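Undergrad: Hey, can you work out the whole structure from these sequences and the hints?
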Amino acid sequence: MKKSFLFISCEEAKHICDKRQYDEASGWERIKLGLRLAWCRVTRSYSSKNNKLTQAMKKAEVNCLNQTEKQNLQNAFEQELAKYQH
Amino acid sequence: MANHKIEPNNWIKLYSDYLFNYTITRVSSREIAQDLVSETFLAGLKSMSNFKGKASERTWLVSILKRKIIDHYRKINSKKGKAEVRMSYNSGDENDGDWLEEQIADSSDMTAQDSMENTELGNQIYECLSKLPNKQAQVFKMKTILGYETKAICNELNITASNLWVIIHRARTTLAECMEKNWLK
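Protein sequence lines, in the order shown, are assigned to chains A and B. Following our numbering, the residues of the first sequence are numbered contiguously, the last one being 295. Following our numbering, the residues of the second sequence are numbered contiguously, the last one being 192.
Don't read these hints as lab results, they were simulated from the structure. All values derive from a computational prediction rather than experimental measurement. Warning: the hint list may mix true and false statements.
Distance windows between CB atoms, simulated [claimed, not checked]: (1) B:K158 / A:A291: 31 to 39 Å; (2) B:N162 / A:E289: 53 to 61 Å; (3) A:E289 / B:K158: 31 to 39 Å; (4) A:A291 / B:R81: 54 to 62 Å; (5) B:S36 / A:F216: 49 to 57 Å; (6) B:I83 / A:L244: 52 to 60 Å.
With a Cα cut of at most 30 Å, we get these calculated BS3-like pairs of lysine-lysine [stated by the list, open to error]: (7) A:K267 / B:K12; (8) B:K75 / A:K258; (9) A:K267 / B:K142; (10) A:K258 / B:K138; (11) B:K75 / A:K267; (12) B:K188 / A:K268; (13) B:K158 / B:K142; (14) A:K268 / B:K142; (15) A:K258 / B:K12; (16) A:K258 / B:K158; (17) B:K12 / A:K292; (18) A:K267 / B:K138; (19) B:K53 / A:K261; (20) A:K228 / B:K142; (21) B:K53 / A:K267; (22) A:K279 / B:K53.
Glycine included, every Cβ here is placed at the ideal spot set by N, Cα and C.
TA: Have a look at this one:
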């Protein structure tokens, strides 16, 4: 029981690593992740790939439509599409 | 040989984000980008009979979009368009008298090559995103690109927070592998 207080599983480490990409990991979670990263090669590899993905997303500044914009587009398109399907 | 079929029912779901991302890097506002994407889909419908199936639907739609973007710039650079531009040399504050060039902030030190590389990187990210199941792509875009709060996504899609993190984890794992193969190395 005490062990899990500080030592976490690989799965939990990956989960914290995911949360950290969005600045949603707490300070305590980051400490636990740091400890795991110090000795677990699998977590280190996952973390490295995950960080690279975050950096790539930031660098590319990709954009997309939000739900409302997409719905508006869909509605306008469906109206027009109906004309071609009759 | 015609390998690709045309399926307009899926266009919005499959290509709207890609086309929007393509456009937003080339025009000045979200509204204009949305209009151009919308016009592209409508033009695609009108000219469906011209689709030979040699290129993919997406490539074909992008070629229509490129023409729409050029038309957009032609329009705003026409005499009428120029006449509609209103600029104020003097802003009325302490910067009075500064040349227009001096008033424009140097937004970044990005070179043309950096910009091209980022565009290619964006295209590669969309390539990899297109390989994700719909739900994963949707949640990933909402969380990572649109920056929605976890709670907002859960409410919108009616899923729990732990569900969301499982979806995010799967999406990130697939994307990281895809990007590593094709870009990061």
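Undergrad: Next, verify each hint and record whether it holds.
TA: Structure-based check of all given hints:
no.: 1; hint: B:K158 / A:A291: 31 to 39 Å; verdict: holds (37 Å)
no.: 2; hint: B:N162 / A:E289: 53 to 61 Å; verdict: violated (31 Å)
no.: 3; hint: A:E289 / B:K158: 31 to 39 Å; verdict: holds (36 Å)
no.: 4; hint: A:A291 / B:R81: 54 to 62 Å; verdict: violated (31 Å)
no.: 5; hint: B:S36 / A:F216: 49 to 57 Å; verdict: holds (51 Å)
no.: 6; hint: B:I83 / A:L244: 52 to 60 Å; verdict: holds (57 Å)
no.: 7; hint: A:K267 / B:K12; verdict: violated (35 Å)
no.: 8; hint: B:K75 / A:K258; verdict: violated (38 Å)
no.: 9; hint: A:K267 / B:K142; verdict: holds (22 Å)
no.: 10; hint: A:K258 / B:K138; verdict: holds (18 Å)
no.: 11; hint: B:K75 / A:K267; verdict: holds (28 Å)
no.: 12; hint: B:K188 / A:K268; verdict: holds (18 Å)
no.: 13; hint: B:K158 / B:K142; verdict: holds (17 Å)
no.: 14; hint: A:K268 / B:K142; verdict: holds (24 Å)
no.: 15; hint: A:K258 / B:K12; verdict: violated (36 Å)
no.: 16; hint: A:K258 / B:K158; verdict: holds (26 Å)
no.: 17; hint: B:K12 / A:K292; verdict: holds (20 Å)
no.: 18; hint: A:K267 / B:K138; verdict: holds (20 Å)
no.: 19; hint: B:K53 / A:K261; verdict: violated (42 Å)
no.: 20; hint: A:K228 / B:K142; verdict: holds (19 Å)
no.: 21; hint: B:K53 / A:K267; verdict: violated (37 Å)
no.: 22; hint: A:K279 / B:K53; verdict: holds (21 Å)
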